[in-house]
Amino acid sequence: MSDTAIIRLSRRDLLLASVFVAAAPVAEAQTPTPRRGGTMVMLVHPEPSTLATYAVSAGNIPPVTTQIYEGLLTYDWDLKPAPALAKSWEIAPDGKTITFRLQEGVTFHNGQPFTSADVQYSFMEVAKKVNPNGPVILAELTSIDTPDPLTAVFNLANPAPYLMVSLSSNNMPIVCKSVFEGTQPLNNPTANRPIGTGPFKFAEWNRGQYIRLDRNDRYWKPGLPMLNRIIARFIPDAATRSAALEAGEAHYAAYSAVNAADIRRLQASPILGSTTQGYGMTAAITALEFNMRRPNLAKKEVRQAIAYAIDRQFLVDNVLYGFAKPATGPLSSVFSTSGFYTDQVRRFDVPDRIDIANRLMDEAGFPRGTDGKRMSLYLEINSFGEQWLRQGEYIKQALAQIGIDVTLRSEDTATWLRRCYTDYDYDINEPFYSAGADPVVGVHRHYVSSAIRRGTTFVNNKDYRNPELDGLMDAATREPDPARRATLYHEAQKILVEDSPGAWLCEVQYVTIFNKKLHDHTGPLGAYQALDRAWLDR
Amino acid sequence: MRAGLRRFARNRMALAGAFVIFCVVLLTVTAPFLFPQGAFSLAGQPLQPPSLRFPLGTDALGRDVAAGVAEGARTSLLIGISAALSAVLFGAAVGGVAGYYRGPIDLLLMRMTEFFQTIPAFLLAMLLVVILSPSLLSVIIAIAAVSWPGIARLVRGEFVALGGREFILASAGLGASGPRIIFRHLLPNCLSSIIAVGSLLVATAILLETGLAFLGLGDPNIMSWGLQISAGRVSLRSAWWVCTFPGIAILLTVLSINLIGDGLNEALNPRLRER
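Chains W and R are the protein sequences, given in the same order.
When we follow this note's numbering, the leftmost residue of the first sequence carries the number 1, and every step to the right adds one.
When we follow this note's numbering, the leftmost residue of the second sequence carries the number 1, and every step to the right adds one.
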């Protein structure tokens with residue numbers, strides 16, 4: 001009796017699920033029949049220190065929390081807005097009002113219904129106050145009206161085109177108002193026992209071991225999620241993480257959960273697959289930044305010469321194990337989808353680049369001394385891992401070709417940050433930029449003069465001041481028309497590459513390693529997206 | 001002393017150790033001529049296996065592993081010897097003063113020594129390097145700072161044992177000053193133990209240095225065996241030669257110094273002479 005009931009249920013669900021599979025953009029060679037149930041194990045590294053994703057932007061939190069919290073929007077493969085908790089939306093012609101219509105019948109994991117009051121509270125009381133990206137993304141948001149429980153109206157002081165690309169569950173998670181009201185968001189009891197509307201519910205966190213998430217049986221998308229359970233496992237040792245994937249004990253590892261040096265070996269494993277999709281919103285770039293307060297580096301020719309001296313393809317092949325591509329400027333080429341990216345800038349990857357660099361150094365008034373050296377500079381080694389020391393060692397050799405004697409300096413993270421962002425006592429620094437979904441979020445702050453803020457990390461520490469660039473970036477912040485915005489960014493890239501306040505090295509390509517038994521796991525937002533459609537083969 | 005050297009020469013293992021160390025010294029002297037480009041230069045294609053052109057292969061950036069081993073030998077010997085020497089000088093001074101003057105000074109100095117002995121040596125060395133920020137000098141200081149307590153305890157023990165002997169009492173009775181008794185009578189009589197233990201300190205200092213460099217706490221501008229191994233570790237399964245040769249270099253050097261230390265100990269220690 002009960003057996004037949006189960007079969008009938010699964011047949012109906014299979015039908016439903018196959019609709020989703022047909023719409024799934026990652027096409028399988030032959031689509032096997034989706035199967036319900038099972039426990040999926042994902043590797044997350046390092047273990048998050050908190051699950052308060054609404055207040056902390058560390059990259060190791062969202063793989064867990066995007067299963068639990070949802071956002072108003074999600075994004076399609078062109079990174080255009082798609083419905084999530086908001087069913088539809090409407091932007092007023094002047095760009096200053098956005099009306100969101102919300103999904104019906106959505107409940108939080110504690111049973112509370114989801115309404116526009118939760119949206120209002122999540123943005124005005126939580127995101128605007130404690131989200132680290134709040135001051136940028138929500139700068140123009142003045143208030144949210146809630147004419148009825150399923151309508152939320154955002155009122156903006158000025159058009160904010162970057163807002164609509166920053167509303168995913170990772171950027172702006174929607175929390176339950178009744179749980180948060182009257183508490184400090186950071187100390188809320190649910191900070192580490194999150195309650196959201198997502199396909200999986202928080203079950204337990206065994207520190208140092210794993211986080212367990214159970215299926216949300218009352219999820220609002222019919223028939224989803226497919227999996228019964230997700231375990232996020234924390235394994236400190238990189239070799240053991242790779243071995244867990246090879247042994248089939250773990251099914252999924254995204255971002256840096258696997259050492260780049262191991263990826264080729266894992267790709268050769270018959271039970272594992274890999275994909276580079278789902279990282280479109282990361283736009284990560286490795287770079288050098290120059291302290292323009294130093295008289296040597298105040299000269300544009302010297303900065304350009306350094307940019308010419310570096311063989312970016314060498315860094316891609318030998319430091320990043322091939323999982324990257326050479327960068328041409330401050331914007332990653334993933335911004336091609338929005339039209340913002342251009343490679344029509346001064347190109348440093350020309351065949352006679354070393355000759356050009358040497359000529360520029362001569363013109364700048366730094367002839368070679370009797371020992372062949374023109375000047376000595378310090379390079380601050382990024383303290384976030386070994387890859388940066390390798391990159392520094394290469395740059396030391398590369399700059400020796402144009403007569404610059406580089407001394408490497410490696411210090412602990414706190415000292416390095418203080419030297420580069422508070423004391424400004426550095427020559428060249430090797431940072432890592434994540435642009436995020438829109439240049440406004442993670443690009444402007446490195447170059448505009450208003451972002452020269454002593455003591456704030458990862459902002460304009462170069463003392464780069466160019467009123468023309470400031471004007472372009474200001475205009476791009478407020479310009480609602482995508483085509484006109486793109487023109488502004490093209491112009492800004494030309495100016496930045498010509499001025500070279502930094503040298504942009506490589507666009508980092510992340511790789512997701514997965515067990516071939518796991519299907520439909522990668523969407524446009526990769527690991528920062530709910531695994532509601534993912535399912536496990538027997 | 002001369003008889004001691006003769007006894008040392010009869011010890012085959014110690015002689016073998018001395019031969020290896022002689023080769024290492026020879027390597028450091030000839031390195032600038034063998035590898036004029038230096039160990040950091042990008043000499044060829046990355047991750048080439050050992051060949052005629054690169055007898056020990058190249059690493060992930062295309063640097064000659066052989067050049068790295070040669071330059072690393074210089075770093076290891078330089079740091080090992082100068083750290084051990086500083087530790088011996090400081091340790092002997094502390095132990096000598098404590099053992100000769102006794103009383104409250106002894107109490108104070110020995111509690112200080114024990115304080116340093118109870119902290120795990122490697123952790124303290126790491127901490128010191130981080131505080132002083134990694135450079136050749138800070139690594140030497142850190143290693144010396146964790147190595148001196150052993151010498152201090154040794155010298156104090158010897159001084160206390162010798163302090164009651166007739167010849168010391170006699171010279172004190174003849175009106176010899178404290179420093180004169182320490183430097184003319186006490187120190188020469190425990191020099192053999194200091195040499196034996198001090199030579200072993202060189203080996204531990206080299207191990208400490210490679211450990212620090214492996215963890216990225218060495219001077220990034222100086223090639224070191226530890227740095228080579230740490231850089232090659234990620235490609236261990238695909239390019240064994242990057243880690244293996246510096247590893248063998250560490251093994252041989254440290255083993256040889258230990259053999260020499262044992263040989264010296266047996267040759268110079270009167271209690272072991274009859275074995």
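Just so you know, the hints here were simulated from the structure itself, not pulled from any lab data.
Quantities reported herein were computed from a predicted structural model and do not represent experimental measurements.
Do not rely on the hints blindly, as some may be mistaken.
Facing chain R, according to a computed beta carbon distance under 10 angstroms, are these residues of chain W, among others [stated by the list, open to error]: (1) Gly182; (2) Asp262; (3) Asn318; (4) Gly339.
A few chain R positions that, by computed beta-carbon distances, are all more than 12 angstroms from chain W [what the hints assert, rightly or not]: (5) Thr28; (6) Ser41; (7) Leu42; (8) Gln45; (9) Asp59; (10) Leu107; (11) Gln117; (12) Ile182; (13) Asp219; (14) Thr244; (15) Leu255.
Virtual Cβ for every residue (Gly too), placed ideally from N, Cα, C.
Comparing the hints with the structure gives:
Given the 10 angstroms rule on beta carbons, the hint for Gly182 of chain W is violated: about 43 angstroms separates it from the nearest Cβ of chain R. Because the smallest distance between the Cβ of Asp262 of chain W and any Cβ of chain R comes to about 8 angstroms, under 10 angstroms, the interface hint for this residue holds. With a least beta-carbon distance of about 5 angstroms to chain R, the hint placing Asn318 of chain W at the interface is held under the 10 angstroms criterion. For Gly339 of chain W, the interface hint is violated, the least distance from its beta-carbon to any beta-carbon of chain R being 37 angstroms, above 10 angstroms.
Residue placement check: Thr28 of chain R keeps its beta carbon more than 12 angstroms from all beta carbons of chain W (closest about 21 angstroms). A cut-off of 12 angstroms between C-beta atoms contradicts the statement that Ser41 of chain R is not in contact with chain W; the least separation is 6 angstroms. With a least CB separation of 5 angstroms from chain W, Leu42 of chain R falls inside the 12 angstroms interface cut-off, contrary to its annotation. A beta-carbon of chain W comes within 12 angstroms of the beta-carbon of Gln45 of chain R; the shortest separation is about 10 angstroms.
Once the 12 angstroms rule is applied to beta carbons, Asp59 of chain R is inconsistent with being away from chain W; the minimum gap is 9 angstroms. Its beta-carbon lying about 37 angstroms from the closest one in chain W, Leu107 of chain R satisfies the requirement of being farther than 12 angstroms from that chain. The beta carbon of Gln117 of chain R is kept farther than 12 angstroms from every beta carbon of chain W, the shortest such distance being approximately 26 angstroms. Non-interface status of Ile182 of chain R relative to chain W is upheld: no Cβ of that chain comes within 12 angstroms, the nearest being about 42 angstroms off.
For Asp219 of chain R, the requirement that its beta carbon stay farther than 12 angstroms from each beta carbon of chain W is not met, with the minimum near 8 angstroms. For Thr244 of chain R, the condition that its CB be more than 12 angstroms from all CB atoms of chain W holds, with the nearest at approximately 17 angstroms. Under the 12 angstroms C-beta cut-off, the non-interface status given to Leu255 of chain R relative to chain W holds; the minimum distance is some 28 angstroms.
Hint compliance for this structure: hints 1, 4, 6, 7, 8, 9, 13 are broken, all remaining hints hold.
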